[in-house]
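*Asks:* The primary structure of each chain is shown beneath.
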Amino acid sequence: MSFAMPDFMPALPEMFLLGMTCLILLLDLFLTERSRVVTYLLAQSTLLGALLLTFTLYEEGRALTFHDTFVIDPMGSVLKAVIYLATFLVFLYAKDYLRARNMFKGEFYILGLFGVLGMNILVSAHSLLTIYLGLELLSLSMYAMVALQRDSLAASEAAMKYFVLGAMASAMLLYGMSMLYGITGSLDLGHINSSTAAMEGNQMVLAFGLVFIVVGVAFKLGAVPFHMWLPDVYHGAPTAVTLYLSSAPKLAAFAMMMRLLVDGLAGLQEQWEGMLVLLTVLSLAAGNIIAIAQANLKRMLAYSAISHVGFLLLGVLSGTEVGYAAAMFYVIAYVIMGLGGFGMIVLMSRAGFEADRIEDFKGLNERSPWFALMMLILMFSMAGVPPFLGFWSKLAVIQAVIAVDMLWLAGAAVVFSVIGAFYYLRIVKVMYFDKAEPGLPAMSASLDLRVMLSANSLAVLGLGLFPGGLLALCVATLA
Amino acid sequence: MFADLPLLSLVIWTPIVGGLLVLAAGSRNALDARVLALLVALATFVLSLPLYSGFDTTTAAMQFTELHPWIAAWSINYHLGVDGISMPLILLTTFINVLVVIAGWEVIKDKPAQYMAAFLIMTGLMNGVFAALDAALFYVFWEAMLIPMFIIIGVWGGPRRIYATLKFFLYTFLGSVFMLVALIWLYLQSGSFAILDFHAMKIGLDAQVLIFLAFLLAFAVKVPMWPVHTWLPDAHVEAPTGGSVVLAAIMLKLGTYGFLRFSLPITPDASQQLDWLMIALSLIAVVYIGFVALVQQDMKKLIAYSSISHMGFVTLGFFIAWRIVDNTGSMQGAGMGIEGAMVQMISHGFISAAMFLCVGVLYDRLHSREIGDYGGVAHVMPRFAGFMVLFAMANAGLPGTSGFVGEFMVILASFKANFWFAFLAATTLILGAAYTLWMVRRVVYGPVGSDKVAALQDIGAREFLILGVLALMVLVLGLWPAPLLDVMRPTVEHLVQHMAVTKL
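Which chain is which? The protein sequence lines are A and B, in order. Here our numbering is used: the first residue of the first sequence is -19, the next is one more, and so on. Here our numbering is used: the first residue of the second sequence is -6, the next is one more, and so on.
It is worth saying that the hints were derived from the structure and are not from the lab. Glycine is no exception: its CB is placed at the ideal position from the N, C-alpha and C atoms. Hints may be right or wrong, so weigh each one.
[To be verified] Reference listing, derived: stretches of chain B covered by chain A, where coverage requires no fewer than 3 residues with Cβ under 8 Å from a Cβ of chain A: (1) 64 to 73; (2) 165 to 176.
[Said to hold, decoys possible] Now the in silico label distances, taken between C-beta atoms and shown as ranges: (3) A273(A) <-> D199(B): 38 to 48 Å; (4) L198(B) <-> A452(A): 33 to 43 Å; (5) K195(B) <-> Q24(A): 36 to 46 Å.
[Unchecked claim] Straight line, CA to CA, 16 Å or less: simulated EDC-like cross-link-like pairs of lysine to aspartate or glutamate: (6) K415(A) <-> D103(B); (7) K104(B) <-> D414(A); (8) K104(B) <-> E346(A).
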C-alpha cells in the first residue's frame, strides 16, 4: 500500500479556520480587557477570509479528498458560505450584549469559531467518521458556550441538560453507524450507498441501524419527539448564545441529514421517508401548538424553530431533487429569519434587562416605529405570509410534497401554519396594539447592530420580493 | 399618450411607494403626511382613469398587459392585465381610496401617518389582486393585503378590536391556504402559474371538485358566505370608519372576483355539479341574514349583515347560470345573471361605503353606534339626513339607484332558472327595505332622542363632498348603467361560453 499525499486544496477553508482560531486563542491570552475588541475583529476577519476561500474554491461538480472522507460540492460550498455569514452576524449582534454582561471574552469567539469548523467538517463529510468528528467538535463547542455564563443557574442547567441529552444522541448515532459498518464493512458513504442499494430482501439489521441514525439526526435538528432539550437550552442560554445555536448549526444539521440519508442511504428512502413523515407531523403539531402557550419570547421562538424543522423535513422526505432544493431554501430562509428574531431580543436588551418576555415588546411601535416594523416583517415572514421570504420557503416545501402526491401532508402543513400564525400575530399585537409600560429604559444598542439588524430584516423583505436568485442557487446546487 | 405607460404597475406601485413615503414623512409632521397621502391617492385615481378611457370594449382579451419574468425556477411571471371584470373594480378601489383618505382627515388623531400609509399600501395590494394574471402573484397580493388590514383594525378600531382583528386574519388566512394548495397542484399539472393557462387546461371531475372546494373555502370566507361569515360583523363593528368602508366596498368583492377569475373558468364542471350548494348558500345568505339584519341594534352591524345579504345576490347571479341554460337553452340569460351580479358588486361598493361613512359621521359626533341612542337626527342635521335617506333607499334597491339595477337583473335571471329561486331572492326587496328603512326611521326621523342629539352639528364641507360624490355615483349608475355594462359585456359573454364547454 503506497502512501499518496492527499489533495489539501478542497479543505483550505477548514485549515485556514483552524489555523486562525488557534492563533486567536494564543493572542487572546496576551490581550488586556480593554483591547478585547481585537479578538472580535480577528474572529470576524477569519470568517470573511474563510468565505473568500470557499468562494474561490467553488466549482461545479464534486471532488473527494483525504481518501474519500472529505467531499467538496456546490451544496456544501453554499451552505458553508451561509454558515460564515450567519456566524458573522451572530458575532456582531452579540457584541453589545456580551459587553453589558461582562462576557465579552475571547472564549465566546474562539468556541464559536471551533463550532464553525465543526459545521464545515460536517457539511463536507463523506464518511461516517468525518460526520462524527464534525458533529462532536460542533456539539462540544456549543455545550461550553451555553455554560459560558458561569454564575447563571438557568444557563448551567441548560448546559447540563444539553450535554447529557446530546451525549445520548451521539451514542445513538454511533450505534446506528456501527450497524451500518457491520453490514456494509465500510465507513465511506459512497460505498455504503452502493452496497445498501444492492442488497435484496428485508434487511432487518439495516433498518435497525437506520432508526438510530434518524434518531441522531432528529435530535440535532430538534424534531419532535427528540426536541425536549431545545426549548430549555434556547431559554436558559444567554441570548447571544441562543442566537448562535439557532442559526448556523441548523444548516450543519441539514447538511448532516443530507449526507447520511441522501448520499449514504438513498437506497433505503422508502423506509426513512416513513420515519420522517412521522417526525414532520409531530414537529408541526407540537411546535406550533405549544408555542401558543409561551410567555417567553425565546421559548416561543424555540418552539417555532421546532415547527420550522417540521417544514424543512417536508422537503427532505419528498425524496426528490426538487424537494432537497426546497429544504435547503427553507433552512437558509429560516436562518435569516431566526437571526433577525433573536437579534431583536438582543437589540432590545441591555444591562440587567433581558427583554426576552413577550410583554417586553409592548408598545414598541410608540417607542421605536422603525424596529417595530422590522419585527413585524420578521414575524409575518415566519408565519409564512407573502410577500416575505418565509412564504416562498413554505411554498417550496409544500410544492415538493404535492409533487409526490402527498396531498394530505400538504393539507396538514398548511393547517398547522395557520395555527402557527396566531402566536406570531400575538407579537405584532403586543407591539402595535398594546400601550407601552412606563419606565422602560431607552434603547441603547450601538449603530452597527441597528444597521445590520435592519439590513437583516430588509433582506427578508427583499428576498421575498425577489426570491428567484436564492431559489435558483439552491436548485442549481442540488441538480 | 397613456398607452405606452405601464398603467397597471403604476396603479399598484404608486400607492405602495407613496404609502412608504407617507410613513417616513409622518414621523416629522402629521399634516404633511395627510397632504401627501391625499396627493398620492388622487394621483393613483387619475392614473387609473386611462384604464377606462383607453379600454377596448369590443374584446374579451386581457388589456394593458405587462409580462416580465419574476421567479424563473418556478416559471412565475410578473404578469398583469385587466378585462371587463377587473377594470371596473380597480377604478372602484382607487376611487374609494381617495374618499377614505379624506374621511380620515381630522378624525384620526392617533398616528395619522401610519393610518394613511396603511390604506395607501392596501389600495396598491388590492389593485394587484385585480390585475394579477399569474396565480402566484395573485396569491402574494391576496395575502399581503391582510397585513395592513390587520394593523388598521387592531390599532384604530373599537373596544374589542384585538379579538376582531385576530379573528379576521386567522379566518381569511385559513381559507386562503387551501387555495394555495390547489394553485400549487394546478401549477404542477400545467407547468406554469399563468391563470389563463389554468383556464385552458383539462382537469378530471374528481380533481375539479377538490379544487373547487379549496377555492370555495378561500373565496367564501372573503365574500363572506353563510356559514363562514361570522368574522365580518365583528371586523366591521370594531374597524375604524375607513376600515369598514374598504372592507365592505372592496375586500368583499375580492371573494366574488375570485369566483369569476378562478372557480368558474378553471373548474366549470365542478361548479355545475355543485351549483345546488352555491345556490342554497346564496339564498340562505339573502333570506336568513336579511332576517338577522332586522334585529340588529348596532348600525354598523346592521349594515354588515346587509352586506352579507347583498353579496348573496352576487354569488346567486354567478351560479344560476347552468340552471338557466338547462331551462331555456340560451346563453343570454346566463350572461344576464353574471352581469347583474357584477353590477351589484360595483353598486354595493358605492352604497356600502356611503352607509358606513354615514354611520361614521354620526359616530364621530356622538361616539355611539347604537340605534337607540339616536332619533330625530333630521331636525338638527337636515343635509346629512337627506344623504342618509338616499343611501338607505339605494340599499333597499329603489329603482333609479344603482342598487336596483343589479338586484333586478339577478332576480330576472333567476326567474329563468326556477320560480322559487326568484321568489326567495325577491324577498330581499322586502327584507332589505324593512331593515334599512326601519333603521332610518329610528335614527333620522321621530322626535329628537336626547340632548346630545339636539346638540349635533350638521355635516361640514369635507363630509358633504364625500357623501355628495357617492350620491352622484349611486344615481348615475342607477339611471344610466350602460357604460358599465358595455365594458363588462364582451368579457361576460366570453366567460359564459367558456363555462359551457366541459373541461373533462
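*Asks:* Hint by hint, where does the structure go against what was stated? Just the numbers, ascending.
*Replies:* 5
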